[in-house]
Amino acid sequence: MELTELIQRAIADGHLQLIASGKTEKIRYVAVNVAEKWSDPEEKVRAAYYAELIYRYGYAPECIGVEVTVPDRTPVDRADLVVFHDAARTKPFAVIECKRDAVTDTEFKQAIEQAFGNGHAHKFRTEYVGVIAGQTRAFFDCSDRFGVLEREANIIADLPAQYGKPEEYKYYHKAPGKPDIAAVSRDDLIKTIRKCHQTLWGGGRLSPPMAFGELTKLIFLKTRDEKTPRKKGEPYAFQVKTFETPKRLAERIKALYAIERQKEPDVFNEDIKIDEITLKNVVLHLEGVNLTATDLDTKGVAFEQFMDGFFKGDFGQYFTPRNIIAFAIQMLDIRADDDVIDPACGSGGFLLHALDHVRKLASQYYDEDSKEHFNYWHSFAEKRLFGIEINEEIARVAKMNMIVHDDGHTNVIGHDALEPLGALALKNDAFARIMGIQRDTEFNPETGRIEDVFRRDERKGFSKIPTNPPFGAVIKEELHSYLKSYELSRYVGKGGGKDEDDPEDDSADPKAGKKAIKQRASVKTEVIYCERIWQLLKPGGQAAVVLPDGLLTNASLQGVRDWLMERFKVLAVVSLPQFAFAHFGAGVKSSVVFLEKRQPGQPASDDEAIFMAMAENIGYDATGRTTYQVEVLSEVPGLSRVERQRCDLFDWKVSFDWVPGEGKKPGRWSERHREVIPGSGLLGQYAAFKTSPEPFFV
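Heads up: the sequence shown runs through residues 13 to 710, numbered per the numbering used here.
No lab work stands behind these hints: they were computed from the structure. Only a predicted model underlies this, so the values are computations on that prediction, with no experimental measurement involved. Nothing false has been slipped in among the hints.
Dumping the calculated EDC-like pairs for lysine to aspartate or glutamate here, alpha-carbon to alpha-carbon at most 16 Å:
| # | residue 1 | residue 2 |
| --- | --- | --- |
| 1 | Lys550 | Asp350 |
| 2 | Lys253 | Glu179 |
| 3 | Lys395 | Asp419 |
| 4 | Lys239 | Asp419 |
| 5 | Lys177 | Glu139 |
| 6 | Lys275 | Asp237 |
| 7 | Lys702 | Asp619 |
| 8 | Lys253 | Glu288 |
| 9 | Lys266 | Glu282 |
| 10 | Lys259 | Glu288 |
| 11 | Lys35 | Asp52 |
| 12 | Lys536 | Glu489 |
| 13 | Lys275 | Asp419 |
| 14 | Lys677 | Glu37 |
| 15 | Lys536 | Glu499 |
| 16 | Lys38 | Glu55 |
| 17 | Lys550 | Glu608 |
| 18 | Lys702 | Glu620 |
| 19 | Lys536 | Glu490 |
| 20 | Lys266 | Asp237 |
| 21 | Lys677 | Glu54 |
| 22 | Lys121 | Glu164 |
| 23 | Lys266 | Asp287 |
| 24 | Lys259 | Glu162 |
| 25 | Lys186 | Glu238 |
| 26 | Lys395 | Glu276 |
| 27 | Lys243 | Asp192 |
| 28 | Lys665 | Glu647 |
| 29 | Lys488 | Glu499 |
| 30 | Lys49 | Glu79 |
| 31 | Lys665 | Glu643 |
| 32 | Lys244 | Asp192 |
| 33 | Lys665 | Glu687 |
| 34 | Lys372 | Asp349 |
| 35 | Lys253 | Glu180 |
| 36 | Lys266 | Asp283 |
| 37 | Lys275 | Glu394 |
| 38 | Lys530 | Glu489 |
Given only the sequences and the hints, what does the whole structure look like? Please build it.
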C-alpha cells in the first residue's frame, strides 16, 4: 500500500516519522512516542486513519493514543487508537480498532466486538467505538443511552468531528469540510469488489453467479445515486445513516432501487433478494467509493481481472479469454454505425470490448470530456449493442459489466437465443426493429384461434456478430420443439456422413449443396448456432465465431459445411492451440472463423480466397501464465512503465503503475491500461491479405 496523501502530510508536519530499525522499517507516532512495524498491513491502516483524525476530524495529536492499554481487560488488551478529551489522555472519547483491508465479514464482526469490549471496559467507558478496515468502516454510539449488547440501533454514520455530535450522514456532495465520495485505485477497487462478493456469497448462501447478480443491482443503484443531480452540501442516499437499523436501511435502499428500476425496466426486472444484515455490509463496503469518478481504464481492468478469476472452473463456459475477444473485435473492425449482437454473450466480454473499441474511435474525433465524445459511443451502446444470454444470473452479470463501463442502457436479453425470432422480438423492441420483425395476428384454421404471426424484412439484421457459442451440448427435439425449424437439424450425418437408415431427403433445398438427410432428434448446439447467426445477420454482415475444429473437419458434418459455404463467404480461419480454453474449464480444440453472409442470389465460388492462419503463442499457456515476448518501451523507476507484449494474434501496449511492497512482499507493477497495437501480429497479416488476396485451398 503506497503512502496516502494524508500520511505524507502528517510526515511533512512532523506528526509521523518513518525510521529505519535494523533491517526493518518502523513508523513513529511522534506525539505519544510509539513506534510500530511499518510492514504490517494493519499498521498502514492505522497510520492512514491517525492522519485522518488529525486533518479531517480535527483532533490534536496529543489527544490520540496509540496501543493504549485498556484497564480491567483480561488478558491485557490494547486499543489500536483512542481519542481522548484531554492531552494528558485520561478521559477517553472514542476507541478505534484497525484491521487490514479485505478482512472477512466474520473478522470485521469480531473487531466490532473487540472495540465494544474496550469501549465498555470498567474505568474506560467511551462514548463512541469504530472499526476501520480500508474502505469498510463502522461506528457506534456506546453511551449509556443504549444497552451494552446493542449493535443495530446505535450505528452512526461517522465518528463525530472535534468532540461534536454525529452527523446524520457521512458523505456529502462537495460540502466544505465534510467527506465526499472519492475515486479509487485499481487495487482498492478490486479489494472492494471482492469484499462485496464475499459478503453476498457468504460461504454458500448464494451461488457465485447469483451473488454477483445481487451485486449487479446494488452497483446499478450506487452509480445512479452518484449521477443524481444534487446541490452542494446535500448527502448521498447510498450510505448508512446515523441510528438507522439494518431493517430501516434495507427498506430505504429497496425503495430507492424500486424507483430506479421503473426507469430501466429492461435492465432489471427483479427485487433485491438479500437479507438486511448482508445489505448493510455491502453498503458499508461501497458507500465511500465514487464509481462514476473512478477512471474508466481502472474500472475496466479491475472488473476484468476479478471476473477472469471468478469465471474460471465451474463458470468458465460463460467467459472467453480477453486475447481471443480482442482479436475478434479488431478483425471485425466494429464501427459506431454497426448493429452488433452476441447471441451467447455470457458475462459480456465481447460486448465490453466492442464498446471500448468504439469509445477509442470516438477519441479520434472528439475531446474525451466533450459531449460529442460521450454521445458518439453512448448512442452505440444504447441503440446498437445487444447480447442474449440464456442464464438469467449470468445475464445480470453482463448487465452490471456494462453499467460499470458507464452505460446503464444495455440491451442484454435474458432468453434462449435459439428460440423463434418472434419470441426474441417480443423481449426487446429495439431488437425487433433491427431485425425488421413486425408482429401481426391472423386466424389459424387448424386451431380455430387468432394467433400471433411475425413477418420479417430479410434485408435487415445485424451487421457484426462476435460470439463464442456453447460447444458440445445437445439440443433435443423432445425438450426444444424449435429444433425442427432449423434446416441444419437435417444436415448432420452419422459416422461417415450417410447411413442406410438416413435416406436422402429430396425435399431439401436444392441450393443447399449436398442433399439433406432425415430430421435428427438431437443436434449439437454449435451446429444450430451457425444457422441462428446466419438468420441474425443482414446480407453482407460479418461474424467472428469460435467453433470446435470438429465442425470444420468431421466427415459426418460435411453436409453442414456445404450448407454454410452456400450461405456464407468464409473470410478467415484462425486455428487456436489445444489449451486456448483449458484455463477456463474447456479443452476442445477450436478456431476463430470469420464469415460474411452472402447477398441474395450470390453464388459460392471456388476462387474465393480464405485467410488461413495458426496461432501458437496466444499470450498465455495451459495454466494461464503469460507467454508474451515483452519489450520495455519506457520506464520511470518506482513510478511508471510501458511495455509492448507480443503474441501471434497481435501486440498489446500496456501501462503500469508501481506499487511498493508490504513486509516481505516485494513491490510490483500494477496494470493501469492496455490497448491493442493496430497492424500487429495476425491483424497486420490479415490487413495485408485483404489488399491482395490470393486464392488457395487448405
